[in-house]
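Protein chains: 8
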Amino acid sequence: LREQAETDRPNEETPDVGIVMGSDSDLSTMAGGKGKRPGAYAALAEELGFAEQTDYTDAPEARFTFETFVVSAHRTPELMYAYAETAEDRGLDVIIAGAGGKSADLPNMTASIAYPLPVIGVPVQEKSVDSVIGMPQGAPITAVDAGKSFNAALSAVQILSRQYPELRERLVDYHRDLQQGVGEVSRDLHE
Amino acid sequence: LREQAETDRPNEETPDVGIVMGSDSDLSTMAGGKGKRPGAYAALAEELGFAEQTDYTDAPEARFTFETFVVSAHRTPELMYAYAETAEDRGLDVIIAGAGGKSADLPNMTASIAYPLPVIGVPVQEKSVDSVIGMPQGAPITAVDAGKSFNAALSAVQILSRQYPELRERLVDYHRDLQQGVGEVSRDLHE
Amino acid sequence: LREQAETDRPNEETPDVGIVMGSDSDLSTMAGGKGKRPGAYAALAEELGFAEQTDYTDAPEARFTFETFVVSAHRTPELMYAYAETAEDRGLDVIIAGAGGKSADLPNMTASIAYPLPVIGVPVQEKSVDSVIGMPQGAPITAVDAGKSFNAALSAVQILSRQYPELRERLVDYHRDLQQGVGEVSRDLHE
Amino acid sequence: LREQAETDRPNEETPDVGIVMGSDSDLSTMAGGKGKRPGAYAALAEELGFAEQTDYTDAPEARFTFETFVVSAHRTPELMYAYAETAEDRGLDVIIAGAGGKSADLPNMTASIAYPLPVIGVPVQEKSVDSVIGMPQGAPITAVDAGKSFNAALSAVQILSRQYPELRERLVDYHRDLQQGVGEVSRDLHE
Amino acid sequence: LREQAETDRPNEETPDVGIVMGSDSDLSTMAGGKGKRPGAYAALAEELGFAEQTDYTDAPEARFTFETFVVSAHRTPELMYAYAETAEDRGLDVIIAGAGGKSADLPNMTASIAYPLPVIGVPVQEKSVDSVIGMPQGAPITAVDAGKSFNAALSAVQILSRQYPELRERLVDYHRDLQQGVGEVSRDLHE
Amino acid sequence: LREQAETDRPNEETPDVGIVMGSDSDLSTMAGGKGKRPGAYAALAEELGFAEQTDYTDAPEARFTFETFVVSAHRTPELMYAYAETAEDRGLDVIIAGAGGKSADLPNMTASIAYPLPVIGVPVQEKSVDSVIGMPQGAPITAVDAGKSFNAALSAVQILSRQYPELRERLVDYHRDLQQGVGEVSRDLHE
Amino acid sequence: LREQAETDRPNEETPDVGIVMGSDSDLSTMAGGKGKRPGAYAALAEELGFAEQTDYTDAPEARFTFETFVVSAHRTPELMYAYAETAEDRGLDVIIAGAGGKSADLPNMTASIAYPLPVIGVPVQEKSVDSVIGMPQGAPITAVDAGKSFNAALSAVQILSRQYPELRERLVDYHRDLQQGVGEVSRDLHE
Amino acid sequence: LREQAETDRPNEETPDVGIVMGSDSDLSTMAGGKGKRPGAYAALAEELGFAEQTDYTDAPEARFTFETFVVSAHRTPELMYAYAETAEDRGLDVIIAGAGGKSADLPNMTASIAYPLPVIGVPVQEKSVDSVIGMPQGAPITAVDAGKSFNAALSAVQILSRQYPELRERLVDYHRDLQQGVGEVSRDLHE
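Protein chains in written order, with my numbering: chain A, 1 to 191; chain B, 1 to 191; chain C, 1 to 191; chain D, 1 to 191; chain E, 1 to 191; chain F, 1 to 191; chain G, 1 to 191; chain H, 1 to 191.
These are calculated hints, taken from the structure and not from any lab test. There may be inaccurate statements among the hints.
[Unchecked claim] The calculated label-pair distances, taken between Cβ atoms and stated as ranges, are: (1) Asn11/H x Val172/E: 53 to 59 Å; (2) Gln180/D x Glu166/C: 39 to 45 Å; (3) Gln179/E x Gln125/F: 29 to 35 Å; (4) Gly49/G x Asn11/H: 23 to 29 Å.
[Unchecked claim] Examples of chain F residues lying across from chain D (beta carbon under 8 Å, computed): (5) Asp145; (6) Gln179; (7) Val182; (8) Gly183; (9) Ser186.
Don't be surprised by glycine CBs; every beta carbon is placed ideally from N, CA and C.
So here's chain A without its partners, still in its complex pose:
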């Protein structure tokens, strides 16, 4: 990671959103999957046209991309430190960090080390909410509700959309589809 941070790649070729999580058991919440509600992957890849970048040196064609890492605050603290410290230099604009358990330290520590990059915390379990949200004054993080990695992705793109009007349009399109769905449900009740 530190090597990548030192390379000087054009902004278009680095990932825009970084997704980190504390354990591979968090994948179903962060990415969604079989029998699970859609997660951050679904929001980014299916609704908003992002591509996943799995090789830092070989960017996909899509203009907007995200990457994913599993780093544990408690089991691999050095790896977590390295990821957060190099994030801005590696070209990321916003990080989505998820962790479960009652000591969900990954989002907090990532926000502290990656500062001033904006970090959106995702408590993977209900019992992780307090630990993710409770930062002291001077150490900013914002959080979504337990398990809502889909919404964290929308919020991340809201941040990016202040710079990229194209993303603002994608968000508006997504919302229009969503509202039509609710409208149809109500109409069905009256037929």
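Position chains B, C, D, E, F, G and H against the provided structure of chain A, taking the given hints into account.
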């Protein structure tokens, strides 16, 4: 508000951050004050060089500004609706919305109506956290911990700093001062 | 909805009770159904002789009727606003509003906008109770316990019964049957 | 009480709203008073023009009135029973019942016995909410949030207002004043 | 029940322990049964030699007996009142009263009305504990933990055993068997 | 204590109720005192005519007496063990055991060791309730609500009253006075 | 146990870690097993090379060993007392004590009686955490999170490792393997 | 710190216990002081004969010593990292780590980085307990109850006492004094 939204003012003269709260009793939490911990005002005005804009048609000289409104979701729903609906057209880039009580609907409703503008919710009381954070899929909001309007302001400026490198520098300067303070405390223990 | 509000239909032909909910996933709680406990529909239609009115311009023969809408406070705020604002003009006497999640804003917002119409909130989940019940002074709502849409319907008819003695009789009849059921259970234990 | 129930007084001369509470220590919550937030008394007497009726056989001149009783479910169960059983015959249209503690049984028992009269429960303390709201299917009660006897009074008058258009006007007037208050606060911030 | 209270039967022929519960759905907790942990029935009938008395006028041969009633505080308040008021005159020495839900009023009301008879409350669900235990000063009840009707029966017999040394012996015998069971488990681990 | 247990004193001269608590800081809750609500002492000594016995070998004249000990489950486990083990032989009929903190083990351990003597647990703090009430099957204890040592004393005397009709009368007298107090409060509101 | 305590066996032949639990139903949490997460047994026997000693007089060949006992604080208080009182004399260096339920007294009582031996409490259920951790000043215990007997074993060996450098090496080896596992998961995401 | 870690000082001259905390506002809990309950300092310095070492290169005469640092996980993550990483090399045998707030990450992160050194976490506030105790499998920490830094110090010395019999004696002496204090309180009640 609707008239202001229709005017076509240059971006530099409109407020960048909007602060709304549900009641004037929330002012001490949102803005800080006597005997209270510093709030969003202190972060913006004292630490990060923002000016408060009290007259929409007469911008202060400072490049970055914020404005403040008291609108109640439950007592003045029309006013809340109008503020959120016109926010983006009035030139805001991010909204900080605070509310207290167990039905702290203002941040949620503002986020829903002002979409796709990013909204940071501030639960004014501990018991407001659940209501602020618990949005359904497709309706994004991010939140800080109860009473942490100071941090909400830092997060808001983190969002703006992706566009304005000048703000990124201010955030870094603030952080350096903060860390020196902690370092001095520890050193005092050893003398 | 706004068109309907402007028509001038006789009171006997408009719905007396309006049932709104935030999502079609709330239907099983609000209306009951397979494998679920009886809901507001069962109370109104099976126990108290109400008919469902699915077409506003074509009232059923039954004197007392109810209607149902799905409107989301966070995903379709305009629709919610329109329903609550026109409710009294459309002839409703009482609204039962149910929502789930931790930010169950629909009952609160409906009560605020439909005021002075009485609104009975139904928290669809246990975690929705705080959000539904916690309104500030001056913004009245009353609520039933989580999932108790059946009781909300009884309470709605208690309100109507102050005007319509016929409904008071139906409530008394329902209660007599209920008490006989409990009596029989106790008697069975002694045989 | 039972004697009063047997008398046949004209509806205009009996109290419309009955306020019962479990202990005289609940008076400051139910009625308001020095250093306390306004309660049901303030809502009824100061905002909505009701008079308190302290002598059942000597009605005040005001058209709409309320009465107050202290009856303890656990210390004077017979008295509670008598009050609830005779309430409808004594001419009441709605009861507001408040109790504190974790076993706040008075509102529940009153609602069960006074059925089919609508009863609005007021949990006097936060810890009383669960006990007041948790009624089983078939035993209706609606409740306001802890300590919100002011709102309970508004809700009671919303119920009465379905019969008495005069009360509907008073509710609308009260609301207009309330909204102007919020509007002025917001305006003050901009001067 | 009131007739029975007026009869003058010898103490040996009346039930010693009364078990009341709010709903037949509480039977599996109060009495135990298939797939459930043993309840008060198992403790009384299987461990301590009590017989169930199902006909008040025809006592079983066993010296110590118990009876069971289903009475709902909220659905049949009159029946509950009658049971509690006549309990002492009908010859009972202690009542075990169980109820579920968040408004578990049956044990409290029974204790208030049957006073000075000792009443042991059984919260049928975890969420019933607060409501059962929270009586105000001057209104005594004691309670066991959620679902522990087996222990409530042991406690009831502890009360009776102050008068009847025979029951004290049965309690000691039961305990000896229990301790041998634990001892054997530990020994098994070392073989 | 063990010596006392071996003496063979007449039942009239030994204490009937034993009060134990885990720390002298529990005294204000268990015994009441300045600025505190009345406790077990007030119930026994002032309302029900018990005398405190401070010297085991020198009984007061009153027929019914209680004694008090401070024994800590965690700091003096041997003393706790000795008290509970000898309680029945020392002539006690019921024990009231109070403890504070989240690990309020004294009531539980006393109940386990003093078995089959009935033990009433008093959680001295709200956070002690779970620890006091949560005994496993086969290990009976009953408990009152947090801080309600006054009610624990009433319950203890209810147990004794099954043997001593004189105590039953005292309980009834106490209750009559209590009810008159509530009645007077309600009457004052109507004058 | 008391006999064993009086024998004078060489330190190498006595168990180093004692595992006690309140019920055989705690075995699956404390020891792990089918369909359960690995427990203290797995940590000690599979990861750190300990052997179980089931016969005190016949030590296994392994230098470091542990033993297991089931003793109930509430059902067999004497046995619990004997185990804790003799633990240090029987050669143990640290005790891991687990219990479930809301009154999880075994770890606390064991720590109080076995003092000054270090005791690590394992709350077997989430609801046992408060009871295990809440000891008063002067009565030390440390605890792990609910169900984390695996970690309790690691902590116990951390204590032993201050004396035995060999155990320190085993802990470091275990950790290296663990970190490689997390690293591989993250790498898999990028292939 | 890293320089100190590389020096090769004799074990007797390095601190045995390290106390770290997240903020100087935690000092009153960790060290005790005016109007606060005694903390870890009081336990170590006043009860167990430890001296504070404020200059790493100039050890006090006392054989056993402790040192204190303020390092914030969220505001000075590098400093925290450096302290934990060098702790074992700087000669510490056990760390006591305290932090407040809902995201009390300092104890967890310190335990993860300082591994295999034993770390005892002190939640400075009640709301910090979950965050301190909730570590995932493979990342050991043990914790005391909220605010109980005094007990954490006793536990730390229990760990050291396995190596140093002298400390075991000091622990036993402290306990004897404590028990005499409880005994005297109970005796005072009987005079």
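Does the closest beta carbon of chain D sit nearer than 8 Å to the beta carbon of Gln179/F? The hint holds - Gln179/F has a Cβ within 8 Å of chain D, the shortest such distance being about 5 Å.
Status of the Ser186/F interface restraint (C-beta, 8 Å, chain D): holds, 4 Å
Verify the CB-CB distance for Gly49/G and Asn11/H against the hinted window 23 to 29 Å. 27 Å Cβ-Cβ, so the 23 to 29 Å window holds.
Honestly, do Asn11/H and Val172/E meet the 53 to 59 Å range at C-beta? For Val172/E against Asn11/H, whose Cβ atoms are near 57 Å apart, the range 53 to 59 Å holds.
Could you see if the CB distance from Gln179/E to Gln125/F stays within 29 to 35 Å? holds, 32 Å
Verify the CB-CB distance for Gln180/D and Glu166/C against the hinted window 39 to 45 Å. holds, 41 Å
Mind checking the CB of Val182/F against every CB in chain D and telling me if the closest is under 8 Å? holds, 5 Å
Report holds or violated for the interface hint on Asp145/F, using the least CB-CB distance to chain D and a cut-off of 8 Å. This hint holds: Asp145/F lies near chain D, its Cβ roughly 7 Å from the closest one there, short of 8 Å.
Hint status (Cβ of Gly183/F to nearest Cβ of chain D, threshold 8 Å): holds, 7 Å
When held up to the earlier numbered hints, the structure conflicts with none and fits them all.
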